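Residue numbers (full-length UniProt numbering): 1 to 245.
Derived by calculation from the structure, the hints in this document are not laboratory data.
Treat each hint with caution, since some may be false.
Stated by the list, open to error - Computed Cβ-Cβ distance ranges for the label pairs, DEER-style: (1) A23 x Q203: 32 to 42 Å; (2) A23 x I91: 37 to 47 Å; (3) R154 x A93: 20 to 30 Å; (4) R116 x A195: 20 to 30 Å; (5) A23 x D166: 27 to 37 Å; (6) R140 x A238: 32 to 42 Å; (7) K84 x G58: 23 to 33 Å; (8) G117 x E74: 21 to 31 Å; (9) D212 x P112: 35 to 45 Å; (10) A171 x G117: 20 to 30 Å; (11) A238 x I91: 33 to 43 Å; (12) N85 x V150: 18 to 28 Å.
Since we're looking at a predicted model, the values are computed, not measured.
Glycine included, every Cβ here is placed at the ideal spot set by N, Cα and C.
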Amino acid sequence: MILAPRSRFASGIFSPMHETGQAWMQRLSGRFLVFDGPDGSGKSTQITKLVAAAEASGLEVVTVREPGGTYVGEQVRELLLDPKNHDAIDITAEMLLFMASRAQLLAERIRPAIRRGALVIADRFISSTLAYQGTAGGLRTEDIIAVGRVAVGRSWPDLVLVFDVDETTAAQRMNPLVREQEFDTDKDRIELRGAAFHRRVRQGYLDQAARDPEHYAILDARPDPDTVFDTLLTRLAARSAAWEH
1 MILAPRSRFA SGIFSPMHET GQAWMQRLSG RFLVFDGPDG SGKSTQITKL
51 VAAAEASGLE VVTVREPGGT YVGEQVRELL LDPKNHDAID ITAEMLLFMA
101 SRAQLLAERI RPAIRRGALV IADRFISSTL AYQGTAGGLR TEDIIAVGRV
151 AVGRSWPDLV LVFDVDETTA AQRMNPLVRE QEFDTDKDRI ELRGAAFHRR
201 VRQGYLDQAA RDPEHYAILD ARPDPDTVFD TLLTRLAARS AAWEH
C-alpha cells in the first residue's frame, strides 16, 4: 500500500482546505461511512479526526453509534451492554435487539441526514452484527443478512472501514490502566467475553472484507493514531473517486 506523503495528510499538518484535499472531501457529501473493528481498535479516535477534517472542509457531518443514537436505541444499548445481563440474553434475541435499534437509527437520524447531503459516520453497523453475533456468536450469515434486509432496507453503507488490530495490541488498549478516553472505564457485557470469542470477531471482519471488497476496506490499526489517519484519508480519497463514475 502506498501511503500519502506526510506533508499532505499528516494529522495536524494536513489541511482539508488544501485545494486537492477539499475537492475530494466534497465527494463525501451525502455518503454513509461505517467505522468498525474489534474492541480496542481505536476507531473512535479516527472518527473524531475525520469529523474535524470534514467539517473544516464545509461538510455537515452526522455521527451515530450502535447500539444507540436515539431514545429507543439508548434503551436497547443499556439492556444489551449491561454486564448484569451477561448470560441472560440469547444470541438470536441479541441480534434482533441490535437490528431493532438499527432500524430506529436509520429512520430517525441516518436517512434524513443523507437526504440533506450530510456525511454520516456510524460507529458500528450491521458489519458488527455479522462479526459478533455471526462469526463469533454462531448465527448464520444468511440469517443475519435476511433480517438486515428488513431492518436496513436499501440504506446500506457506501463503505465499511474496518480497523484491524491484533489481540495483544487490543488487550493493551483495553487495559484500564492504559485506556485512552475513547474507552469506558469498565468493560461492558460483550467486552467481557473471552479471548477466543474476540479472535473469532476479528476473523469475522476479515472474512466480510474478503467477500465484499467493493464495500469494505481493511486498515492496519496498530500504528499511532496519526499514521492510521494518514492511511484512512488516502483510502477514502481513492474510494470516493470511484463514486463519481
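For each hint, the structure was consulted:
Look at A23 against Q203: about 37 Å separates their beta carbons, and that is inside 32 to 42 Å. Taking the beta carbon of each, A23 and I91 are about 46 Å apart, inside 37 to 47 Å as hinted. Checked against the given bound of 20 to 30 Å, the beta carbons of R154 and A93, roughly 26 Å apart, stay inside it. In this structure the supplied range 20 to 30 Å is violated for R116 paired with A195, their Cβ-Cβ distance being about 43 Å.
Look at A23 against D166: about 36 Å separates their beta carbons, and that is inside 27 to 37 Å. Checking the proposed 32 to 42 Å range against R140 and A238 shows it holds: the Cβ atoms sit about 33 Å from each other. For the pair K84 and G58, the supplied restraint of 23 to 33 Å is violated, since their beta-carbon distance comes to about 45 Å. For the pair G117 and E74, the beta carbons lie near 26 Å from each other, so the given range of 21 to 31 Å is met.
For the pair D212 and P112, the beta carbons lie near 26 Å from each other, so the given range of 35 to 45 Å is not met. Restraint check, A171 to G117: a C-beta distance of roughly 40 Å breaks the suggested window 20 to 30 Å. A hinted range of 33 to 43 Å for the beta carbons of A238 and I91 is consistent with their spacing of about 37 Å. Range check, N85 to V150: Cβ separation about 25 Å, and the 18 to 28 Å hint holds.
Of the numbered hints listed earlier, those contradicted by the structure are 4, 7, 9, 10.
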